[in-house]
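The numbering of the sequence shown is this note's numbering, which starts it at 1 and goes up by one.
Incorrect hints may appear among the rest.
Claimed, not checked - Once the Cα atoms are required to be at most 25 Å apart in a straight line, the calculated DSS-like pairs of lysine-lysine come out as:
#1 Lys166 - Lys66
#2 Lys42 - Lys333
#3 Lys102 - Lys166
#4 Lys102 - Lys91
#5 Lys242 - Lys102
#6 Lys242 - Lys166
#7 Lys66 - Lys42
#8 Lys42 - Lys242
#9 Lys333 - Lys322
#10 Lys322 - Lys91
Claimed, not checked - Derived DEER-like restraints, expressed as beta-carbon distance ranges:
#11 Lys42 - Pro100: 38 to 44 Å
#12 Arg264 - His161: 18 to 24 Å
#13 Pro256 - Asn101: 31 to 37 Å
#14 Glu299 - Tyr212: 43 to 49 Å
#15 His161 - Thr249: 45 to 51 Å
#16 Gly255 - Asp313: 43 to 49 Å
#17 Glu299 - Arg108: 31 to 37 Å
#18 Ser135 - Thr310: 39 to 45 Å
#19 Asn107 - Ser135: 44 to 50 Å
#20 Gln315 - Ser220: 29 to 35 Å
Please keep in mind that the hints were generated in silico from the structure rather than gathered at the bench. A virtual CB, placed ideally from N, CA and C, is assigned to each residue, including glycine.
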Amino acid sequence: MLSQDPSSTSSNPNEVDESGPEPSYTKVVSGYHIYHHPHVFKLDYGGQLPEFDLAYETWGTLNSDKSNAILLHTGLSASSHAASTPSNPAKGWWQDFIGPNKPLDTNRFFVICTNVLGGCYGSTGPSSPHPLDPSRAAYATRFPILSVFDMVRAQFFLLDHLGIQKLYASVGSSMGGMQSIAAAHLETERVDRLVSISGCARSAPASIALRYAQRSVLMSDPNWNRGFYYSDGALPPHTGMKLARQIATFTYRSGPEWEQRFGRARRVASPTHPRTTNQDHVSGAETSIVKEQEEEELEPALCPDFLIETYLDHQGEQFCLKYDANSLIYISKAMDLFDMSDHSLADLERRRIRSHGESESGLAIGKQVIPPPRPRKRQHISTLSSPAAHAFSQRYGEIIAYTNFGDRCSERHIVSGGTAEGDSGMFEVEWE
1 MLSQDPSSTS SNPNEVDESG PEPSYTKVVS GYHIYHHPHV FKLDYGGQLP EFDLAYETWG
61 TLNSDKSNAI LLHTGLSASS HAASTPSNPA KGWWQDFIGP NKPLDTNRFF VICTNVLGGC
121 YGSTGPSSPH PLDPSRAAYA TRFPILSVFD MVRAQFFLLD HLGIQKLYAS VGSSMGGMQS
181 IAAAHLETER VDRLVSISGC ARSAPASIAL RYAQRSVLMS DPNWNRGFYY SDGALPPHTG
241 MKLARQIATF TYRSGPEWEQ RFGRARRVAS PTHPRTTNQD HVSGAETSIV KEQEEEELEP
301 ALCPDFLIET YLDHQGEQFC LKYDANSLIY ISKAMDLFDM SDHSLADLER RRIRSHGESE
361 SGLAIGKQVI PPPRPRKRQH ISTLSSPAAH AFSQRYGEII AYTNFGDRCS ERHIVSGGTA
421 EGDSGMFEVE WE
């Protein structure tokens, strides 16, 4: 069953429902459609959902034989709103790359993007009402453990409903890169092209450790209350979420980028609030106001002081109001569990590619290894290096230019290096 989101009235993707302490996350983004799956959905790790909703948005027009569809997969915390639509004109998270004559050219392609299962932007997740609970209370931590494969299977139920039997391409970045690989594995005959940017074939131990640290600080917040913080009057775990996001933001960048953007710069006095200084003059104890230089640093303080600290503080504060804590816990766990080495990769028909991203210490924090099933006639690999750990978020234009969904070859597979916490390059494999 398909329907338009009936409750969303705002076109501002950053707007938060202020009616209570817990934001209404489904209203943070508006204008999406809902696919309702009314049947029991069995999950990889033994759990099941009695039913589920999947929020999605589309751009472009599906052609007569339904062969021009591109499925765009999101990162951990993104909504379905990748670009503006008539229902929601606010800019999306891939605004510059979806539209007429853009890399995902809506004159040619029909682009579909969903909010993943387990999310909080319209799709069924921990903050959703439990359909079997008489009080319709939220799932909270009664929500079952998810896998990335579960998320992708839910997306293919949507494609079935839309009558799309084959994808022109499966595209994703970060956790979306994991999904794009999983889609090519689960539905080999239904995915013609694969683009995985800053994804990985499995989560490495260091990546798992970083996400575990995020979940640990979040779940240590007393307001988390074992995940049951949705009731009236309850306070959500904002402090834990803020700290978790600060850790995550740190992993999304690299040492060289931090140095370029912030260095060791500290806060400076605001030009609108100059300091005052008392000066004794010969004529008497006259008080004069001396305006400090605008670039003069403030005295050291224990609050956010260095500019890099104020940046992390801001990122943490903003995230608290836009994303559900339990969704972060469940989806990050699904990322940890992702491991394509548990599956046969022969169906992906890809030569071995290995790369790594670098952490603040310069150590590799993740590796991607895809073993070759058999040699190919022609293979070409291009590398795009970047000081940014999560390079796709800083160099979209160059990375997307590599996709070049042209007609020069029958198949085009693009794989990026690193993990969802780091990326030092993007690799393209082209076959004839």
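Hint by hint, here is what the structure shows:
{"no.": "1", "hint": "Lys166 - Lys66", "verdict": "8 Å, holds"}
{"no.": "2", "hint": "Lys42 - Lys333", "verdict": "18 Å, holds"}
{"no.": "3", "hint": "Lys102 - Lys166", "verdict": "22 Å, holds"}
{"no.": "4", "hint": "Lys102 - Lys91", "verdict": "15 Å, holds"}
{"no.": "5", "hint": "Lys242 - Lys102", "verdict": "35 Å, violated"}
{"no.": "6", "hint": "Lys242 - Lys166", "verdict": "41 Å, violated"}
{"no.": "7", "hint": "Lys66 - Lys42", "verdict": "28 Å, violated"}
{"no.": "8", "hint": "Lys42 - Lys242", "verdict": "33 Å, violated"}
{"no.": "9", "hint": "Lys333 - Lys322", "verdict": "19 Å, holds"}
{"no.": "10", "hint": "Lys322 - Lys91", "verdict": "16 Å, holds"}
{"no.": "11", "hint": "Lys42 - Pro100: 38 to 44 Å", "verdict": "41 Å, holds"}
{"no.": "12", "hint": "Arg264 - His161: 18 to 24 Å", "verdict": "54 Å, violated"}
{"no.": "13", "hint": "Pro256 - Asn101: 31 to 37 Å", "verdict": "34 Å, holds"}
{"no.": "14", "hint": "Glu299 - Tyr212: 43 to 49 Å", "verdict": "37 Å, violated"}
{"no.": "15", "hint": "His161 - Thr249: 45 to 51 Å", "verdict": "37 Å, violated"}
{"no.": "16", "hint": "Gly255 - Asp313: 43 to 49 Å", "verdict": "20 Å, violated"}
{"no.": "17", "hint": "Glu299 - Arg108: 31 to 37 Å", "verdict": "58 Å, violated"}
{"no.": "18", "hint": "Ser135 - Thr310: 39 to 45 Å", "verdict": "43 Å, holds"}
{"no.": "19", "hint": "Asn107 - Ser135: 44 to 50 Å", "verdict": "49 Å, holds"}
{"no.": "20", "hint": "Gln315 - Ser220: 29 to 35 Å", "verdict": "20 Å, violated"}
Checked against the numbered hints above, the structure violates hints 5, 6, 7, 8, 12, 14, 15, 16, 17 and 20; every other hint is satisfied.
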